[in-house]
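Residue numbers (this note's numbering), protein chains in the order written: chain A, 26 to 359; chain B, 517 to 1126.
Since the hints were made in silico from the structure, they are not lab data.
Any given hint could turn out to be false.
Short derived list, chain B residues pointing at chain A, Cβ under 8 Å [said to hold, decoys possible]:
no.	residue
1	R805
2	G917
3	A948
4	A951
5	N952
6	Q962
7	N969
For each label pair, taking beta carbons as the anchor points, the in silico distance ranges come out as [claimed, not checked]:
no.	chain 1	residue 1	chain 2	residue 2	range
8	B	K966	A	T339	27 to 35 Å
9	B	E673	A	A234	18 to 26 Å
10	B	Q812	A	N143	55 to 63 Å
11	A	D178	B	D886	30 to 38 Å
12	B	D714	A	Q258	29 to 37 Å
13	B	E673	A	D178	52 to 60 Å
14	A	D333	B	S994	46 to 54 Å
15	B	K966	A	A234	23 to 31 Å
16	A	R345	B	V1102	51 to 59 Å
Here a beta-carbon is modelled for each residue, glycine too, at the ideal position from N, C-alpha and C.
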Amino acid sequence: MQDKHISLAHGNGGRYMRELIEEVFARHLANPDLDIGLDAVPLSLAEGEVMFTTDGFTVQPLEFPGGNIGSLAVHGTTNDLAVAGAEPLYLSLNAFIEEGMEIETLDRIIATLAATANEIGVRVVAGDTKVLRRGEGGGLYLATTGVGVRQSDRQLGFDGITDGDRILVSGPVGDHGIAVLLAREQFGLRGDVVSDAASVLPFTRAALAYDGLRFMRDPTRGGLATVCHEISQQTGLGIRMQQPDIPVHDAVQSVCEMLGYDPFYLACEGRVVAVISEAQTDALLSDWRRLPQGDQAAVIGTVNGLSDRVLLVTELGGERMLDELEDDPLPRIC
Amino acid sequence: MKVSTLSAASTHAQRSGSGTAHWRLSGVVQGVGFRPFVYRLARVHGLTGWVRNCTGQVEIIATGDAAQLDAFENDLIKQAPPIARSRIESCENLPFEVFEAFQIRDSEASGSADIHVPPDYFVCDQCRAEMNDPNDRRFQYPFINCTQCGPRYTLIEALPYDRANTSMAGFKLCAACQAEYDDIGSRRFHAEPVACPDCGPGPVFHQGDRLVDNTRAALSACVSVNRDHYSPLHHLLLAAFGSPLVATSANISGQPVLAVGGHMKNTVCLAWDDRAVVSPHIGDMGTTRSLEVFEQLCGDLQRLYKVRAEALTCDMHPGYVTSRWAQRQGLPVTEVQHHAAHASALVAEAGDWSADHHLVFTWDGVGYGDNGMLWGGEALYGRPGDWQRVATLRPLRLPGGDKASREPWRSAVAAAWDAGEEQVADRIIMAAVGANASKLGPLLYQAWQKQLNAPLTSAAGRLFDAAAGLTGVCLNASYEGQAPMQLESVAGKSIDPVAMPLRARQDGVLEADWRPLISHLMKVNEPVDESAARFHESLAECLYQQVLEITRQRPVDAVGLCGGVFQNRRLTEACVRRLESHGIRVVLGGQLPVNDAGLSFGQVVEFTVS
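One chain only, chain B, in its complex shape (with noise of 0.2 Å):
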């Protein structure tokens, strides 16, 4: 399985002289401003004839000298727009005909199934740059785009993707807008989406029986309400502009099947035959509003790509939303391992087929393990299908369960109690509750030890909690991952590691040790840059070191990094640079988030597999 990328001339016709020749181009063609650099191309190399869509596909017919046809093929490939995907899927040559001009033409609605929607672009730098400009007439205009960026996936209610298509058919264009679509010379010529405040939609701000209309007024209302609140509106503004979707051609067979993801930052995957479709970004699901984007999508995916899920594939944890969902639905229903699918997910996106000896570190917040237990910081040997946990850090008591991730001090506090550090435990009670500490604190204390709603986890994200807490970076977060992106942010120059020790468990898998870690970060007293370089450099020998065991008793093609913790560049880049220089090659996220987001996939590639 290959994530498809730009591919060179797949077939090549023989031509001499003047003659008409006519190309099928596949993959993501559309909506990513092709039909206009085609007819540009077509321009520049003095060729006449015509492009279009159909259904999934662009069809070109050009008339002009031999060597104009096939400098003008070559550049198809060559200097197609940078978000296009495009593979020539047949080209043959044609009796030869006269066209007057080179013209884009209506498009066919008839054709097969085989279609890429194109995803969402984030804006790009030029959109930017007027959106930015006061003397811009789309000044501050939440909705700019062209050709290059801006919504695609979200608007298209059926193919061939035409503005009529898409949720833009009801904004008439107004004349500046509709000069710039018809001028060949634009950015925005023939961008399906183009918008103005003249013309297009606009932002309204409501609460209560307030509403703001006014594109400007809104937006200061949206951010003065949500000042103190940085999340909502951080996390809406990335709904909106950065939901990818990825389109891959992947070996897969047999019956259709829907992946529904996993509980936080969400998203699904669809795949049938050798396609897997991963869905936009949903969010946390669990906001009705979630619940419903979750099942349009899951409809639509099916419905725009013509393909019925006859099976579904769900995380293990039955609190899922999405799990109970899929359990709702009446089809055959397969659990994956939330660990299991990140390391596909990854092995898969790699297109690392080849080997049969990954050892991929699932490092994130927390999944639902095998036994019951709440994992994440879990090292997995194997490949697609067949994975055994080999490594794990010693877990840690999580002290009111869920709340933890948006209050850290709880991973500090923990951290602190497991060492016997009763005093620095107090110190965090103190600092992040406040008045009530002196109640509360030992309450907590008794709850902790009496294992009251306080799981056990190995979760790697708990000890950036942890970290972030006991240096006082962050005890209470008001955004999920805050604490581990304040840690990375502060952290100073490299520094030498704490060792920490590995032990291998009565069950063989081996066992990190963080006590000496943390301890450090509790008892020197060291400037928080320093602590923070520390306690990355630290995560990343540990990983190192296991890596180094677990190659002395097996053998090891490959080291994956996946999961959010990941997502840390300082610490991925820390192991990476370890491992490298030992000679070990290292698998990263490319396209897919490392993330939760890149779960669906991942359940997709076990379903198929196992």
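Chain A on its own, in the form it takes in the complex (with noise of 0.2 Å):
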């Protein structure tokens, strides 16, 4: 392939567009069950229930400290398979690619795609490309479907929580949404904080171990505060967290008291919230913290049936009232 940059040339299903797949594409994803010349792929799935997601990327900027856009493609939909209790296995893989992009990043990106999935053991078995006219993409979009199984007896979801149960964090929170932002607007701070994206898999599978744990749900967009919110608003019962005890990085609480922005409501790409009992509590916290990238995991809150509220208990003993994401926060107070 001798272009530079991505052509129209290289969507019109020719020469350009198979050498492109095959160069690019196929080159790096390359597995027993990716066939370029099928239009469709029979799986053999093991035992239990299959679990289905699907999640689109358009990250800027395309590659940040910590991961890029094709890592995060491999994250994002396992890691929702994974909180959901189950293995992902198989991916399907969408690419809109904008004219002009260079093919050095495209290849970068779909290498570190790869190396994420090859790492977690899940194979791309579909894919298409589409090019986008300049000016119409953000450089490149992707699309991931996941494919995964979950043992049949193993139910999770709101249904389970009740008053008393314990809220878990795996690490600390806001790292990405910092990440990105200072990447995205070109700070000089860039590479002071580093975006989590990682599997949640070792976290997810530990939990799955204790018969108490009644939800999972990795903390990405609208952060800690909206998971809160959504656990809160189909249960019916309140959340009460301890301030102190909620992990943020030194440099994401700087940033964040700097520029005014609230930790807990930006995206994290790799923790994990779990709901479990009491009594398991705190075979699960020692658990996690034994894990890699676990050793900041804590016990943030408790289920509160007193209330229907999300409250945040501050350090002095005041409680503040986490309000639900607004589009774009507007000053109250000044």
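Please dock the two separately framed chains into a single complex, following the hints provided.
Okay, here's the thing in structure tokens:
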């Protein structure tokens, strides 16, 4: 392939497109189940419920400290399967490439995507590429669909959550949101904060060993506060979080304080929030803390049947209500 | 609409010879020492008979000479306790009846719902003197009160206002307090909440497992814990002692409406028929405790006055807890613009309905504007229900949004960046942030340039913050409004203002440009007292110039000043002086706070007239 940049010809079904698929996508993603000549692929699945999910990725910038849109496309979808209690097995991949994108960058991203999938043990078994006209896309958009299997007896959901259950988080919150913000705006602090983008499978596997586990979710868009709101709205129960117990990296905290952001509303891409019975809380916490990336896991709050609000108990003992996220939070005080 | 004030006898019966007369008085007559006052007055005039509370009113029957009865009637209004607001509803002559003495009778529970719940009153001078007297049995007792001060509204569970219908019912009076309660000569004669350290409630200090229940030890524990956090204690104390409830007689007709107010310093207001009742202070709505108090007050007001709201009105700000609450209630909700509510509250309280052409300056910390902009330096023209924005201040881009409310240095830095004075900004950031300034300062600057969490606001309150930051008076505040208060307190003697140019924007709104003033504060090396004085004088002059410009274009009957910024006495007086010397009538707040605590009443007014 001679070109350094994507042109419309890379999407017209001809030689350019074949070369792009062969030299970028197939080269990195090669696996026994991927056959670029087929229209559809047969899959054999283990015993259990088939779990199916999909997600789109439009992050800007495409590459940021701690990952890129390729690793995110794998983690995002496999993490959704993981928190639902499944083992992810297969992915499909759609790439919408903007005319003019550097092929070298695309190659780097797809290489990362492939490496990330390998690490987790999922195979990309179907895919498609389209080229968007210049100005109609942000360089590259990805969409992945994931298939996994869950043990039939393992039901997780809002229904099991009861008064007194504990809420755990697997690590510091807000890293991804701040890392991407700093990278996107090309702030001088780029690199001070690294995205937490990672697979949460080690955490979800550990949690699934406990029959007191009620529910898991990865706090992506809207962050920890939004997950808590979802739990509260779906169960009608309140949540009391202890602010000093919620792990936040110092660098994230100081950037948030400076810019006026609340880390509890910022996205994570490699954390899990779990709701578990009080009795099994300590055991799960110590399991999590033994995992790589799990040393700052913490019990951060309690499901509170006396209220239907999401409350943050501050260091001084005051209670603050965590509002549902607005499109664009406007100052209320000044 | 006019806040009811002390009014003369509205009815008068002709008398001659000896006779028996019957009066009914309404207004704020319960919980203000009115019956003891009537009792003493009757004795002074040598009358016999009785006085009693019935729901919302005081009823008096007295027998004596015609001249004595006339004098008594006259004094009933003239000499009434200062905190009472009474009027004579009816007066008639009855068949002559002989009584042995003059008595205070048990209350009559039935009656109409036209009731006035007495507000809480701040501690009176006499009680304060006792509280500070080491030899007094109520030395340092925080719940000291008498017929002329102390809690009322807070304690009342039902009317009529008797101890049995208050939260004090469970505290049996000790012998000493009982004696005061029964002694006609005592300030505490029939003071329903009377209490002392022996028989009344006491403060308890609770922190974790630590419990201190001795009054003095609890207070000192509280003070020591809160020493570095002045504001919470300060606000708690304010909430307990300074909670005005203003009942007005309003020309309101139509369905009962509950106005839920704003977000900070909040109150709610219930209105029906010709009445509007503003609740005590609730405070900052960001905490669960205040939301509970808010919900309780909304319920209590409706229960107490036997009125059920059929409509709600709230601020336009979509993020206010009160607005969100209103939207969940299943009643029709009318949104009212923040500064329109301020202006209407001012005009309506002043009873200034005759004028059609008010010009009201609504200067505050922030409010949600018509177009989603953040306002706070606006001049509104018109009348309740029909306000038009005619002037504003040059907007300032606030780095960090709401953070700026507690961090005045942010406003100062924004003003410096706006003026291109980056070195001034760097110096302030260094002073405010310390060690991380070299790293975080540039970050904030870039965010500000890229408009990330850096909304535009035209709020005058932020200019005060900017001036406090630029003069070094206050960089970080530990309570709301600290920077402007400190700036006011250091302001020296009157000094020449810096002129701020006015320009007409494309939409016709006049915009005042504060940059010459800010630039003066940054560049001219003058003592802080002069800078602070110049800032106040310049803003007052700017307001005055806006008035002159606007009066050239439209008729203006009166100029109103409201919004939290006008709690600043220095500024308000400087504005009034200029306006009045030009023969312009000025309308200022009276009983209702000019800050956001008055919003709920303004929402009622806007709802009613719109």
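These are the hints, each one checked on the structure:
The closest approach between the C-beta of R805(B) and any C-beta of chain A is roughly 7 Å, which is under the 8 Å cut-off, so the hint is satisfied. Look at G917(B): its Cβ gets to within about 5 Å of chain A, closer than 8 Å, so that hint holds up. Interface restraint check for A948(B): the shortest CB-CB distance to chain A comes to about 11 Å, outside 8 Å, so the restraint is violated. Hint on A951(B) is violated. Least Cβ distance to chain A is approximately 10 Å, over the 8 Å limit.
Taking 8 Å as the C-beta contact cut-off toward chain A, the hint placing N952(B) at the interface holds, the least distance being around 6 Å. Interface restraint check: Q962(B) against chain A, minimum CB-CB distance 6 Å, threshold 8 Å, status holds. Contact between N969(B) and chain A, as hinted, is supported at the beta carbon level, the nearest pair being about 5 Å apart and thus within 8 Å. The beta-carbon spacing between K966(B) and T339(A), approximately 30 Å, falls within the hinted interval of 27 to 35 Å.
Evaluation of the 18 to 26 Å hint for E673(B) and A234(A) yields a failure: the beta carbon distance comes to about 55 Å. Checked against the hint of 55 to 63 Å, the C-beta distance between Q812(B) and N143(A) comes to roughly 60 Å, which is consistent with it. A C-beta distance of roughly 58 Å is found between D178(A) and D886(B), which places it outside the suggested range of 30 to 38 Å. Remark: the range hint 29 to 37 Å for D714(B) to Q258(A) is contradicted by a beta-carbon distance near 51 Å.
The given range of 52 to 60 Å is respected by E673(B) and D178(A), whose C-beta atoms sit roughly 55 Å from each other. One distance hint, 46 to 54 Å for the beta-carbon pair D333(A) and S994(B), is violated here, with the actual separation near 32 Å. Taking the beta carbon of each, K966(B) and A234(A) are about 46 Å apart, not inside 23 to 31 Å as hinted. At about 40 Å, the CB distance of R345(A) to V1102(B) disagrees with the hint of 51 to 59 Å.
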